[in-house]
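Enquirer: In the order they appear, the protein sequences are chains A, B and C. Residue numbering for the first sequence follows my numbering, beginning at 1 and increasing consecutively. Residue numbering for the second sequence follows my numbering, beginning at 1 and increasing consecutively. Residue numbering for the third sequence follows my numbering, beginning at 1 and increasing consecutively.
Don't read these hints as lab results, they were simulated from the structure. Owing to the predicted nature of the structure, the values given are computational and were not obtained by experimental measurement. Among the hints, a few may not be true.
A few chain C residues that face chain A, going by a derived Cβ cut-off under 8 Å, partial list only [claimed, not checked]:
1. 7
2. 10
3. 14
4. 16
5. 61
6. 75
7. 138
8. 170
9. 171
10. 174
11. 176
Straight-line C-alpha distance at most 20 Å; calculated SDA-like pairs for lysine to any residue [what the hints assert, rightly or not]:
12. C:190 x B:116
13. C:199 x B:72
14. A:167 x A:64
15. A:29 x C:74
16. A:115 x A:152
17. A:35 x A:129
18. C:199 x B:11
19. B:115 x C:124
20. B:115 x C:9
21. C:193 x B:116
22. A:124 x A:104
23. A:29 x C:6
24. A:105 x A:61
25. A:105 x A:76
26. B:116 x C:128
27. C:193 x B:109
28. A:105 x A:122
29. B:174 x C:197
30. A:35 x C:124
31. A:124 x C:7
32. C:196 x B:11
33. A:29 x C:15
34. A:29 x C:8
35. B:111 x C:197
36. B:174 x C:47
37. B:174 x C:191
We put the beta carbon where it would ideally sit given N, CA and C, even for glycine.
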Amino acid sequence: MNRNYIFLTILMLFLAVGTIFLNKTEKLKQIEPDKLLWEIIQPTRYVSTDQVAKMIIQQDPSLEIIDVRNEKEFNNFSLPKAINIPVDSLLSETSLENFGIPGTKVVFISNDDIKADQAWIIAKRLGFDGMYVMRGGLNCWMRTIIQPVEPPEYAPLTEFATYEFRKGAKLYFTGAKPENTETKKVKVIVKRRKKTKAASGGC
Amino acid sequence: MNKQISSNQERYLNPYLGGVLLGLLVILTVYITGRGLGASGAIKSAVVTTSNIIAPYETQQNGYMGRFVSDDHSPMYNWLVFESLGVLLGGLLSGLLFGRVKKFRIDKGPKITNKKRLIFAVIGGILFGFGSQFGRGCTSGAALSGSATFALGGVIAMFAIFGSGYLFAYFFRKLWI
Amino acid sequence: MGPLIPNGIIPAGWDFVIAILLGIVFGFLLEASGFSSSRNLAGVFYGYNFVVLRVFFTAVIVAMTGLLYFDYLGWIDLSKIFILPTFLGPMIFGGIIMGIGFVMGGFCPGTSFTAIAIGKLDGLFFTIGLFIGIYIFSLAFPLFEKFYTSGNLGNVTLTDVTGIPASWFAAAFTVIALAAFWGTMFIEKKVRKNIKEYKF
Chain A
1 MNRNYIFLTI LMLFLAVGTI FLNKTEKLKQ IEPDKLLWEI IQPTRYVSTD
51 QVAKMIIQQD PSLEIIDVRN EKEFNNFSLP KAINIPVDSL LSETSLENFG
101 IPGTKVVFIS NDDIKADQAW IIAKRLGFDG MYVMRGGLNC WMRTIIQPVE
151 PPEYAPLTEF ATYEFRKGAK LYFTGAKPEN TETKKVKVIV KRRKKTKAAS
201 GGC
Chain B
1 MNKQISSNQE RYLNPYLGGV LLGLLVILTV YITGRGLGAS GAIKSAVVTT
51 SNIIAPYETQ QNGYMGRFVS DDHSPMYNWL VFESLGVLLG GLLSGLLFGR
101 VKKFRIDKGP KITNKKRLIF AVIGGILFGF GSQFGRGCTS GAALSGSATF
151 ALGGVIAMFA IFGSGYLFAY FFRKLWI
Chain C
1 MGPLIPNGII PAGWDFVIAI LLGIVFGFLL EASGFSSSRN LAGVFYGYNF
51 VVLRVFFTAV IVAMTGLLYF DYLGWIDLSK IFILPTFLGP MIFGGIIMGI
101 GFVMGGFCPG TSFTAIAIGK LDGLFFTIGL FIGIYIFSLA FPLFEKFYTS
151 GNLGNVTLTD VTGIPASWFA AAFTVIALAA FWGTMFIEKK VRKNIKEYKF
């Protein structure tokens, strides 16, 4: 009887003292894969360039644009009030502070939407809400906002409405805002596209 | 080691085994529900319910009980109440298993009468019930579950209860030995 | 990842079913360890039966250690569990009153339930006393409402207050508990020399 107790005492001591040596790496909490998958397939996670333009023009305070390209590209041109977080420093503590703030809409942008999408998935995996990707990225921004294409005559009326909006937006972004034109040279990437795809909302 | 157990001695689990199992139960409870066990809370629910039946207006006006009265459901519709029902059942099960469910009886020290024991039981209960509200729990809820989850309050309650018991034990020794 | 119900892994509708089941195990263990007998319970204060110390303390150190391992293995999210709030003054006061009640009545609420289950009248009377005590508290509440809510330090853990990691507390408690177990074995032997019956 006593021998068993001695064994148990040592075992318990070992287990309890052992807890001191358990090294827990501060793992960032992650959401379950199936939840992530469900979030990925939601089409609502994409916002169009028109929507982003609208929010900027209306000075929507909940909008937070995160440019995930590298610093050089960011300094060359980006959207107004965008924050530059290159993809490789997405998980640093200072970067993470930008996510998960209740009520904000974080929109990732990059040249196409590939890098932005990647950043979205990484950030989404950590369980933050309110994360979006601007569909088509800055290239699409150019084609729709900066250089909107007039819809063909047979296009539905809504496309013309969009086009009118985009003309106004173009003025707003390339004409009237002084803070943007300071040091940045607007590099216009002009890409001729087929008219059938013009103005209807995407690239 | 002398294993002679007189026929009067009851059969009980080895206390360390019981403790380990109880500790595992606490872990399981926290793992499933995110809270610990408890007991005094069920009596509180019973008090509120009874009081609400007898004097609903005063109960709802009462600064302490008013909070627990809701229109949707009885105060007895509460996790601790169901858990305590389980405790009753579990105790019964164990009693049946070990042959301890017998006619009504009273445990007491050899030097006092049954009547005295019952009187002290009630007074002890009154004090304990009264104190448990200040302590936000009893030995199961505050001391055991609280300490197990490293809550400061749990440890304080545990030391206060057992410390006080030791301090005052001398004055009630006639009840037990 | 635990805790299961707060994380939605088990639907909340099962809450009460689980409550009863856990309660049954709890009651069973209490009764099976001898807690349904007030003389066993009081024994810890007089040195003739340390079952309370053994069961209780073992449970605390097992639970502490176990929760830490669960946390390390990622099985439970310790930030999501309920931490008993600390009300410094009231808790100390309440604890003292409860201690007196314990040694007078020979029970605590959970054990009194198991006592009732096996027919102990003193358990029943204790529970009636609990009822009355809580009722008195409620009626007299306005008198000490201020005191009741004083000393609120919030839902703090030992680590929050001292900065010492929880594992150190688990280890410290374990060391003290184990020492107490061995120590009380000797005390019991000595005290039991004078009395014949010590297991009730």
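Enquirer: Mind checking the CB of residue 7 of chain C against every CB in chain A and telling me if the closest is under 8 Å?
Expert: With a minimum Cβ separation of about 10 Å from chain A (threshold 8 Å), the hint on residue 7 of chain C is violated.
Enquirer: Holds or violated: residue 115 of chain B with residue 9 of chain C, Cα cutoff 20 Å?
Expert: Roughly 51 Å separates the two Cα atoms, so the pair is violated.
Enquirer: Tell me if residue 170 of chain C is really an interface residue toward chain A, meaning its C-beta lies closer than 8 Å to one of theirs.
Expert: holds, 5 Å
Enquirer: Would the stated hint for residue 16 of chain C survive a check requiring a Cβ distance to chain A of less than 8 Å?
Expert: violated, 27 Å
Enquirer: Against the 20 Å threshold, does the CA-CA distance of residue 116 of chain B and residue 128 of chain C hold or violate the hint?
Expert: holds, 16 Å
Enquirer: Holds or violated: is the Cβ of residue 171 of chain C closer than 8 Å to a Cβ in chain A?
Expert: holds, 5 Å
Enquirer: Is the Cα-Cα distance between residue 167 of chain A and residue 64 of chain A 20 Å or less?
Expert: violated, 24 Å
Enquirer: Between residue 29 of chain A and residue 15 of chain C, does the CA-CA distance stay at or below 20 Å?
Expert: Not OK: residue 29 of chain A and residue 15 of chain C at ~26 Å, beyond 20 Å, violated.
Enquirer: Going straight from one Cα to the other, do residue 174 of chain B and residue 191 of chain C come out at no more than 20 Å?
Expert: Between residue 174 of chain B and residue 191 of chain C the Cα gap is close to 16 Å, so the pair holds against 20 Å.
Enquirer: For the pair supplied as a hint, residue 111 of chain B and residue 197 of chain C, is the alpha-carbon distance within the 20 Å limit?
Expert: Judged against 20 Å, a Cα distance of about 14 Å means the pair holds.
Enquirer: Just to be careful, I want the Cα atoms of residue 29 of chain A and residue 74 of chain C compared with a cutoff of 20 Å; is the pair within it?
Expert: Holds. Residue 29 of chain A to residue 74 of chain C sits at ~10 Å (cutoff 20 Å).
Enquirer: Do the alpha carbons of residue 199 of chain C and residue 72 of chain B lie within 20 Å of each other, as the hint requires?
Expert: At roughly 47 Å apart (the allowed maximum being 20 Å), residue 72 of chain B and residue 199 of chain C break the hint.
Violated hints for the displayed structure, listed by number in ascending order: 1, 2, 3, 4, 6, 7, 11, 12, 13, 14, 16, 20, 21, 25, 30, 33.
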